[in-house]
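**Q** Below, each chain spelled out in residue letters.
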Amino acid sequence: MRSLWSRPVAKITAGAALVLFMALLPLLNITIPGIFPGATYTPGTLQLLAYAMLIAALALSYHLLFGLAGMLSFGHALFFAAGAYGLGIVLRNFSPTWMPADVTFIVAILITVLIGFVLAALVGSVSLRVTGISFAMVTLAFAQAGSVVVRRNPGGQTGGEEGLTLDVSQVPDSLVGVLNTRNLYWLALAVLVTVYLVVLWVEKSRAGHVVAATRENELRVRVIGIRPYFVRLLIFSIAGALAALAGAAFLLLQSGVSPRVATPDFTLTLLVIVVLGGVGLRWGAVLGAIVYTLLDQRLTALAGSEFIAGLPDVLRIPLSQPLFILGTLFILVVLFLPGGLAGLTRRSAWPHRPKRGSGERMLETEETI
Amino acid sequence: MSTVVLLLITGLGLGALYFLVASGLSLIYGLMGVLNFAHGSFLTIGAFIGWEVARRLSDGSWWALAAAMITGALVGALVAAATEFFLIRRLYNRHIEQVLVTVGLALASVALFEGIWGTDPTYVTSPSWLGQTTEILGARIPNNRFMLIVVAVLVLVAIVLFLKFTRYGLIIRAGVENRLMVTALGIDVRRAFTLVFAIGGAAAGLGGVLASIYYGYVSAHIGGSLLIFAFIVTVIGGLGSLAGAAIASVLVAVLQQFANFYLGGTGDLAVVLALAAVLLLRPRGLLGAKA
Numbered sequence: 128m129r130s131l132w133s134r135p136v137a138k139i140t141a142g143a144a145l146v147l148f149m150a151l152l153p154l155l156n157i158t159i160p161g162i163f164p165g166a167t168y169t170p171g172t173l174q175l176l177a178y179a180m181l182i183a184a185l186a187l188s189y190h191l192l193f194g195l196a197g198m199l200s201f202g203h204a205l206f207f208a209a210g211a212y213g214l215g216i217v218l219r220n221f222s223p224t225w226m227p228a229d230v231t232f233i234v235a236i237l238i239t240v241l242i243g244f245v246l247a248a249l250v251g252s253v254s255l256r257v258t259g260i261s262f263a264m265v266t267l268a269f270a271q272a273g274s275v276v277v278r279r280n281p282g283g284q285t286g287g288e289e290g291l292t293l294d295v296s297q298v299p300d301s302l303v304g305v306l307n308t309r310n311l312y313w314l315a316l317a318v319l320v321t322v323y324l325v326v327l328w329v330e331k332s333r334a335g336h337v338v339a340a341t342r343e344n345e346l347r348v349r350v351i352g353i354r355p356y357f358v359r360l361l362i363f364s365i366a367g368a369l370a371a372l373a374g375a376a377f378l379l380l381q382s383g384v385s386p387r388v389a390t391p392d393f394t395l396t397l398l399v400i401v402v403l404g405g406v407g408l409r410w411g412a413v414l415g416a417i418v419y420t421l422l423d424q425r426l427t428a429l430a431g432s433e434f435i436a437g438l439p440d441v442l443r444i445p446l447s448q449p450l451f452i453l454g455t456l457f458i459l460v461v462l463f464l465p466g467g468l469a470g471l472t473r474r475s476a477w478p479h480r481p482k483r484g485s486g487e488r489m490l491e492t493e494e495t496i
Numbered sequence: 002m003s004t005v006v007l008l009l010i011t012g013l014g015l016g017a018l019y020f021l022v023a024s025g026l027s028l029i030y031g032l033m034g035v036l037n038f039a040h041g042s043f044l045t046i047g048a049f050i051g052w053e054v055a056r057r058l059s060d061g062s063w064w065a066l067a068a069a070m071i072t073g074a075l076v077g078a079l080v081a082a083a084t085e086f087f088l089i090r091r092l093y094n095r096h097i098e099q100v101l102v103t104v105g106l107a108l109a110s111v112a113l114f115e116g117i118w119g120t121d122p123t124y125v126t127s128p129s130w131l132g133q134t135t136e137i138l139g140a141r142i143p144n145n146r147f148m149l150i151v152v153a154v155l156v157l158v159a160i161v162l163f164l165k166f167t168r169y170g171l172i173i174r175a176g177v178e179n180r181l182m183v184t185a186l187g188i189d190v191r192r193a194f195t196l197v198f199a200i201g202g203a204a205a206g207l208g209g210v211l212a213s214i215y216y217g218y219v220s221a222h223i224g225g226s227l228l229i230f231a232f233i234v235t236v237i238g239g240l241g242s243l244a245g246a247a248i249a250s251v252l253v254a255v256l257q258q259f260a261n262f263y264l265g266g267t268g269d270l271a272v273v274l275a276l277a278a279v280l281l282l283r284p285r286g287l288l289g290a291k292a
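Line by line, the protein sequences are chains F and D. Quick note: the first sequence uses our numbering, first residue 128, plus one each step. Quick note: the second sequence uses our numbering, first residue 2, plus one each step.
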């Protein structure tokens, strides 16, 4: 079979089939007990799946930074939060009367994505002056500053600890309410596909090749005469814009946003997702996000179950903390499964793995220079 | 004038806390190139176990506090050494993976602490003198600030003496300078790795007990919030430099206090701006050796 199909065609067909299947899911009645809370057409399941897909989109944007460019950023949550809070604030303050409501809505989303891009360009222009571990710490500091600003509620815009509630009067009716969850689901799917295509395009572009080369050997890229700074900045900004897009959709899906998404911990979760799925692979990021979200949801449900409550303390306390289990799982994956979940299949395909987890090159070159 | 004195000394006290966390981070990074995200957890476990010990002995007495501080430091050192031995060592020279393991450990341990001690802050009782104030130049300064400063200075002196006058200190200093060369001379640097982790963990655990006195409570997130400022301190001070960490701790904390008072609670933002400024003007930090 394989010889008849060229690999790219097979890949595109499989991808399109998967997207089509996902798009049809709200119309089907599939029940997978233990994974989904209900049948696939119920709002609860659709909400969970849409959430997982938005996290997958966010993880893909993080993959651009970490997987492709080898930049270990601890501040990516900042741009996701900028998207979520940005859209909420733009919708509240931007309502020109001469514009039809639907157009206003789309313009608001575009403005939000632009905010994400500009913010990432600003943060990146400072943090990219250092590389490796210092870069990680600096982005972490910026994310922390963002988190502080959000919590401080400047001008009553972000809602402080309470979070921000979506102003539904500015949102098209088809995206409001539990009954319309399937529209939100389709929106999330569209966001995921868009982000995937943009990431694919960036990876195949000249800029993508340059940052990948910089990740492998920065000195060589410099010797050829390319300054990696601006290309890195471009990738950083695009990743920021994509994260903002995911954040905007997140606001619509959750009809609100809490300051939790701005915390550095949220970025750590993202890092866990990307590594869990497999660093350097696009679908690894998607897979990681979906596995992580479903696991998190299921483990939380498990934590509240009577079975756990009946266990002795030694077992009950660790098992009732989903993050403890996920964190331990993550450590085990890093120690024993360097390619992540995606690496499982990859290793069987290529016994001589051509490269270890990418990203570390940036640090090694830093040391050798 | 009294306000300035108050802010200065309070800033010094906070800087002492930052230093206790940042000194370990900086040493570990300098020798091993590991950015240790689990360092905050060493602090938190030190604080919790220290509090458990103090509570069982006799709440609010001096010797219970001393016992808490010793236990906190010991527990921090043990946990840190175990982390190095069981997790970090397996990933020798793979820096990104080492960071990832510590991230996982940080996430898991904070969740575990929440499971054991709950999500709400636990309030601690310390000797009553620490809760009172002393007047200096018209400023009423909480006494616990003095203790923080004294302890941090003692820790700094102890670490410097250790690095300067012991054989292992020599190996660590040489390792920070050029690890390959030390290994080539036939010295097993790995034991120094465990040692550095233990020292950093002890400082963090001690810092945890002190932080619980400074804030008046212990919570599962106490380490994480201090850790971020400690990161900023290590970058500003220069990665791997102990003196840089000490100077930057004081600068950052004092700046934070002043901005909080005079610029309407913008201390955290001022610190991040300072970090950005340092990076723009001097990317290797105040006393950092290499870019």
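It should be emphasised that the hints constitute simulated quantities derived from the structure, not laboratory data. Where is the CB? At the ideal position from N, CA and C, for every residue including glycine. Take these hints with a grain of salt, some might be off.
Chain F regions said to be covered by chain D (calculated; three or more residues, Cβ under 8 Å) [what the hints assert, rightly or not]:
hint, segment
1, 173 to 183
2, 230 to 237
3, 267 to 276
4, 316 to 327
5, 343 to 356
Just so you have them, the derived chain F footprint on chain D, three or more residues with Cβ under 8 Å [as the list claims (entries may be wrong)]:
hint, segment
6, 23 to 33
7, 266 to 275
Not close to chain D: a few residues of chain F, all C-beta gaps over 12 Å, as computed [what the hints assert, rightly or not]:
hint, residue
8, 390
9, 418
10, 465
**Q** Does each hint fit the structure? Answer for all of them.
**A** So, going through the hints one by one against the coordinates:
1. 173 to 183: Coverage by chain D is violated here, the residue count being 0 at a Cβ distance below 8 Å.
2. 230 to 237: Since three or more residues must qualify, the claim that chain D covers the segment 230 to 237 of chain F is violated, with 0 doing so at under 8 Å.
3. 267 to 276: That given contact holds, which follows from 7 residues of the segment 267 to 276 of chain F lying within Cβ reach (below 8 Å) of chain D.
4. 316 to 327: violated (count 0)
5. 343 to 356: Since three or more residues must qualify, the claim that chain D covers the segment 343 to 356 of chain F is violated, with 0 doing so at under 8 Å.
6. 23 to 33: Violated - the segment 23 to 33 of chain D has 1 residues with a Cβ nearer than 8 Å to chain F, which falls short of three.
7. 266 to 275: holds (count 5)
8. 390: Violated: least Cβ distance 9 Å, not greater than 12 Å.
9. 418: Holds, since 16 Å exceeds 12 Å.
10. 465: violated, 7 Å
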